[in-house]
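2 protein chains.
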Amino acid sequence: MKNPIDHLPARQQQALKTRQRLLQAGKEVFLESGFQKATISQVIKKAKTGYGTAYVYFKNKDELFITLMEDLMNQFYEVAEMPFKPQAKEEAYENIKNQVRLFLQLALDERDMMKVVKEAIGVSPEIEGKWYRIRERFIERISVDIRYAQAQKLAKEHLDPALTARCWFYSNEMFMWELVMNEEKYQMDDVIVNLTSMYTGGLYE
Amino acid sequence: MKNPIDHLPARQQQALKTRQRLLQAGKEVFLESGFQKATISQVIKKAKTGYGTAYVYFKNKDELFITLMEDLMNQFYEVAEMPFKPQAKEEAYENIKNQVRLFLQLALDERDMMKVVKEAIGVSPEIEGKWYRIRERFIERISVDIRYAQAQKLAKEHLDPALTARCWFYSNEMFMWELVMNEEKYQMDDVIVNLTSMYTGGLYE
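Chains A and B, in that order, are what the protein sequence lines are. Convert by adding 35 to the 1-based position in the first sequence; the result is the number in the numbering used here. Convert by adding 35 to the 1-based position in the second sequence; the result is the number in the numbering used here.
It is worth saying that the hints were derived from the structure and are not from the lab. Some hints here could point you the wrong way.
Because identical chains cannot be distinguished in the list, a pair is counted as satisfied if it fits within a single copy or across any two copies.
As a list, the in silico DSS-like pairs of lysine-lysine whose alpha-carbon atoms are at most 30 Å apart [what the hints assert, rightly or not]:
(1) Lys220 with Lys191
(2) Lys188 with Lys220
(3) Lys220 with Lys153
(4) Lys124 with Lys188
(5) Lys83 with Lys52
(6) Lys150 with Lys80
(7) Lys191 with Lys124
(8) Lys165 with Lys81
(9) Lys153 with Lys52
Bound-form chain A, shown alone (with noise of 0.2 Å):
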């Protein structure tokens, strides 16, 4: 298969090349320095650039670094919007404990960049404000399966959507950061097993 970037005019492949290789090398400046002690001058060095050229692609280290946790957070939304029509309790139970699966597992392969911007999350507000909406978009998500599965009859229907879907949330968020940073102090079976029990022993009839 073809690279759809070929079929662009030769100036944006060249400008798009320039931006992957931007923020490859952010993605290596922060993996080795963490995000407070790495600087734009370390991107542009191993980039292979000039300041001027990295500025008109981001114009700052927050910026750059806010564009690699989109990229990733765009696979942790693939597992959110996974389709979840249940029509029983078992059958959401297991849904949901694959989706759990799914997103710790995700946290545990990308772990040493879920380390930098747990750090970048605590020392910049345009960092923290970005995960705060990207938790607001997850929670959004879920409040849409809960409203199917309370349409459908399978869950209780006197829980709020949309502070049942934030409970969630933060229980699968706070987990991951855990696992994230002492992974050796669980067993992620049972980890899995927990989270979805009380979830469905909660939510569902």
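Knowing the structure of chain A, use the given hints to seat chain B on it.
Coordinates of chain B only, in the frame set by chain A:
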């Protein structure tokens, strides 16, 4: 009732008063300036003491802040350590709902200081570490309650007490931060009922 420090020798009374003055001044400075912008100079000026004296009591800004945070957290521990000996699921539900309410209300009463705590956790690894230890203490206490409910055949036996306690604390902690930051977006009662329903529905038979 006499103040308990009245019984101490004069020199110790003086020392305790100086320490107390530094803590009070520290709290005011942190509330005014936030954690990062606060300086020991501001604190000693407000406490009307010198650097050398301040250093006797607190090695640095982080240590003074951690002491303030511990004092605040002791109020939260009191809620976590309330007697929990339910004989039936309904009694457990009422006890837990009451605990959630007290926990969230305390955070809202201390909202301004909690905002500084959140900022400090993000920027100081020492304070972040302290927060993690505080969290573990809460989780251990909740685990005890879960084991009690399991022994009473009220709670599901297949759930892991430590993981379930962690999941539950995470939901409370995250809603607490969310309310501290955006109280106006929520109805407290809805949050309390939803959290408690999800937890007791998941955990109890």
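Ascending list of hint numbers which this structure does not respect: none
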